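S.K.: Start from chain E and add chain F according to the hints.
2 protein chains.
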Amino acid sequence: MERALNREDQREVRELKDILPKNTANHVPLTPVAFLFRTADVHPERLAVAYGPRRYSYAELRDRCLRFASALSGRGIKRGDVVSILAPNVPAHLEAHFGVPMAGAVLHSVNIRLDAANIAFMLRHAGSKMLIVDIEFLPLARAALDDSHSQIELVVIEDPSIVADVSQLLTYETLIESGDAGFAPLMPADEWDAIALNYTSGTTGDPKGVVYHHRGAYLNAVSNTLAWNLGQHPVYLWTLPLFHCNGWCFPWTITALAGTHVCLRRLDAETVITTIADEGVTHLSGAPIVLSRIVNAPASLVERLPRGLAMMVAGAPPTATVIAAAEQVGLSVTQTYGLTEVYGPCVVCEWKDEWNELPSTERARIKARQGVRYHLQEAMDIIDPISMAPVAADGTTIGEIMIRGNIAMKGYLDNPAATAQAFADGWIHTGDLAVKHPDGYVEIRDRSKDIIISGGENISTVEVEGVLMEHPGILEAAVVARRDEKWGETPCAFITCRPGVDLDRSEIVAFSRDRMAGFKVPKTIIFGDIPKTATGKVQKFLLREQANALADDV
Amino acid sequence: MERALNREDQREVRELKDILPKNTANHVPLTPVAFLFRTADVHPERLAVAYGPRRYSYAELRDRCLRFASALSGRGIKRGDVVSILAPNVPAHLEAHFGVPMAGAVLHSVNIRLDAANIAFMLRHAGSKMLIVDIEFLPLARAALDDSHSQIELVVIEDPSIVADVSQLLTYETLIESGDAGFAPLMPADEWDAIALNYTSGTTGDPKGVVYHHRGAYLNAVSNTLAWNLGQHPVYLWTLPLFHCNGWCFPWTITALAGTHVCLRRLDAETVITTIADEGVTHLSGAPIVLSRIVNAPASLVERLPRGLAMMVAGAPPTATVIAAAEQVGLSVTQTYGLTEVYGPCVVCEWKDEWNELPSTERARIKARQGVRYHLQEAMDIIDPISMAPVAADGTTIGEIMIRGNIAMKGYLDNPAATAQAFADGWIHTGDLAVKHPDGYVEIRDRSKDIIISGGENISTVEVEGVLMEHPGILEAAVVARRDEKWGETPCAFITCRPGVDLDRSEIVAFSRDRMAGFKVPKTIIFGDIPKTATGKVQKFLLREQANALADDV
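Protein chains in written order, with our numbering: chain E, -1 to 552; chain F, -1 to 552.
The hints are simulated quantities; they were obtained by calculation from the structure and are not laboratory data. One should not assume that every hint holds.
Note: identical chains are not told apart, hence a pair may lie in one copy or across any two.
What the hints assert, rightly or not - Each computed DMTMM-like pair below joins lysine to aspartate or glutamate, with the alpha-carbon atoms no more than 25 Å apart: (1) Lys530 / Asp500; (2) Lys20 / Glu398; (3) Lys350 / Asp276; (4) Lys350 / Glu277; (5) Lys20 / Asp423; (6) Lys20 / Asp188; (7) Lys76 / Glu277; (8) Lys538 / Asp550; (9) Lys521 / Glu474; (10) Lys20 / Asp430; (11) Lys20 / Asp412; (12) Lys127 / Asp145; (13) Lys521 / Asp482; (14) Lys350 / Asp61; (15) Lys350 / Asp502; (16) Lys538 / Asp157; (17) Lys350 / Glu58; (18) Lys538 / Asp502; (19) Lys127 / Asp61.
Being a predicted model, the structure only gives us computed values, none of them experimental.
Chain E with its partners taken away, still in its complex shape (with noise of 0.2 Å):
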């Protein structure tokens, strides 16, 4: 799939490229913030943003963004600067998509899931100028800034849902208000300059600052319409949480397409599918949960779902019953892959018409298969790691996913240890093992790393074993993934407890409440030896094995 492509021999290039340099009328930093000028400019009157009953135009949307950059700098907001935004899918988390990047600034946005000291970890390393958060999540973000002892400026974000007392706060519309819908924004001078920053769960250590540019953020922006074969005017649900990988780059894909944003906070099952009947939806994206959650509502409810709904899908595969069930419903899903640093997805399951002449199974194991590269990305293949070789596209031969292209991060922040890894030899290393089938479409097989998705979320094994081995009774504590039918994947644990000791299940939980993310804390517990190779490496190959040979109810 890749090809050896000639880019060294530049001796010979003739004086046209020389003689014609860029200037202003023939070259523009491409950016995706671009994009609600245009919608703004030629569909003012759309509606742009619709949350429960409130709803405004492209052009309401475009000032607003306009007012949220100027205030901004009118309150020292700087070219590169971070600002962090704690919100579920709300109008503003939206907007600070444009605003942040209009301002001249990088916008963080942080996971709602994460406990306080994580986001106090990540608004320390990114040096955070400011915190926009959700008046639901008010709680969190004073946890976290008083862990991280910061003095940044907090900004609350209201809601009609939501009644608490916000009179010592600036609020988020208090902000819009102050600033000027006339005010020049700051576009990025180079294509190359920083747009978002996006932690990823990290498997060792830290989190990670993935930086993204908006060059990728436009090319993937686009690339989204291509892969989905999007049309004009998507009425587009935000099931898919905006705080991973910038919501994959949709908040300008919609716009670019002068489609309805409709925001959600709350993500159950009646609430999405009213929502989808209710507002007309034709496309929502999210994790396989999200899609599992709508095929196995109440009939009365499924009832309700308009035919020829597209969700796009990326994460752990959902499984064949799930989308037979949703093919069933006129459902039409687009399996997608990707990860942080690329973007969110950038590889998909195109389509053949062939395919749908086969039975409805065989179909859903192709549809769960991860796919071919996106039409802007530029390369992905199945390589052996060592060798850096291609491996053969036999549906067997197991590789590493690596990808290069232009919607690729510029690095990881204050990282360059993890940024040389991530790119060695001219790569981006994905951490996922997968085969090529004769076709070319790839299919994970697993993950080198043991990363467990569990409900969309990444949880890291080695963070999770860091916190077991905390407790004073533990020995050994090995976490894998263990295959479940509602959330993916959930986190189960293999335990050696020290001699002498006796722990039982719901001590190890409570422990590990109290330390972690609830979706972390492991929801199946083994006590007994762990399987180690000679030189002393656990085999989680065959912890998961064990795993995954448990009766449903253990």
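M.R.: Here is chain F on its own, set in the frame of chain E:
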């Protein structure tokens, strides 16, 4: 429509930018050539090219283009060299859009309607290293080479429909066969490198060589998909000449979408309609005359058109009658506007749902507007060329259409004065005069440079006047556009004879025929005085009124 952007404040850029440099894993020069590699990887078996009974897949198209590039390299073509092609819309012409840049070379696609002297000028000016010519145009190519005293290599494209002796010549197929499909293509080292060279007809003096960069070709190829709502796998009929702005970048667009290129040598209504029906064509583009030919064809042909056929039109806007006739047969027309300097169309009359409720004549009136900038073009506005202030969006104040962004030429080859003029004040000056409606959609009112667009071809009035003035009996000549239902516009000449000389229409026509391409020969000739301003400038405005007031049979 144009927004003041603050790009000045550069002092504050934070270390984020500097500590994370580009590398080969996260930065690749944009080039539309890459689309062929992706599509051949993902859809190797899909039909890429259909030309009469001949048809081949994307795997074959890729391999042929690699062989082509390999053969060019083998024959001494180097990075930055110009390779010219003189051909109708045959497969070789399409292949040149990939094969030539894959050799690192610059594609110069020549208008087959030009005369030998014009072509000779271009070959010399471009410093072309090779001329690839379709067998039908071999005599024209030979005359051009004789005229230019050029020794460059000639490659002839054979065709099953044309019998000729080519035993002394290198044929295109022999060239391809001599190449290696395993060739490592010379991809651009910089996306600012030239990919193509397209000569404009020029309104004064010699034609100008517009140089395209890879970046702009890539972005316009993608932008076409957004402007036209193209999904995967369009079946595209090549009615638009490939030598017009590289077929408006559609060779790359259709390839990116794994569509089928249906090639055509002849564009008569019967061939066009029969091919549309037989090949299941979904999309085509071209000048309004092609649309006019289709809808005005005999009913037995028109009834063969599939419903939902989409046509993108540019050049002089189609008349309301033609648009209404197109709607009647279910043909959906998208009106666009552009010019060679911006890679063809980059302004589109983006349709709004609410317009569907309007009466047919009103819809046609709106549809004939030029519209708004392409999604991936940065800015387009109607500007007073003296004050450089945008005009009021009142539908009556006239200004010049100006464009800037990434879909804009590098400049004119070896013509610094014209390049500086085109980019003056940071905008591309189109020379077209237009108004801006209150909704921001623009509509052309006049051409400041008096160019005539006849059947999609630009005719410089200055050029025709210059030839007429060579006639010993002519004292003065002024040429203007006359509206024409069939051709859009045709040249109308106003001639004042020298005292005592009496010329007639047939003599002028015969004189012109010997000295210019047929489509430039004045179709209407009016003898008499030519009105001038006090300072002696011809009042073309009055002449145009007079020409358009003539009875149809004059």
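S.K.: Look at each hint and say if it fits the structure.
M.R.: Results for each hint:
| no. | hint | verdict |
| --- | --- | --- |
| 1 | Lys530 / Asp500 | within (22 Å within a copy, 108 Å between copies) |
| 2 | Lys20 / Glu398 | between (39 Å within a copy, 23 Å between copies) |
| 3 | Lys350 / Asp276 | between (32 Å within a copy, 23 Å between copies) |
| 4 | Lys350 / Glu277 | between (31 Å within a copy, 20 Å between copies) |
| 5 | Lys20 / Asp423 | between (32 Å within a copy, 14 Å between copies) |
| 6 | Lys20 / Asp188 | both (13 Å within a copy, 12 Å between copies) |
| 7 | Lys76 / Glu277 | neither (38 Å within a copy, 57 Å between copies) |
| 8 | Lys538 / Asp550 | within (20 Å within a copy, 87 Å between copies) |
| 9 | Lys521 / Glu474 | within (17 Å within a copy, 94 Å between copies) |
| 10 | Lys20 / Asp430 | between (40 Å within a copy, 24 Å between copies) |
| 11 | Lys20 / Asp412 | between (32 Å within a copy, 16 Å between copies) |
| 12 | Lys127 / Asp145 | within (16 Å within a copy, 69 Å between copies) |
| 13 | Lys521 / Asp482 | within (10 Å within a copy, 78 Å between copies) |
| 14 | Lys350 / Asp61 | between (42 Å within a copy, 22 Å between copies) |
| 15 | Lys350 / Asp502 | neither (52 Å within a copy, 65 Å between copies) |
| 16 | Lys538 / Asp157 | neither (45 Å within a copy, 64 Å between copies) |
| 17 | Lys350 / Glu58 | between (41 Å within a copy, 19 Å between copies) |
| 18 | Lys538 / Asp502 | within (22 Å within a copy, 96 Å between copies) |
| 19 | Lys127 / Asp61 | within (23 Å within a copy, 54 Å between copies) |
Hint compliance for this structure: hints 7, 15 and 16 are broken, all remaining hints hold.
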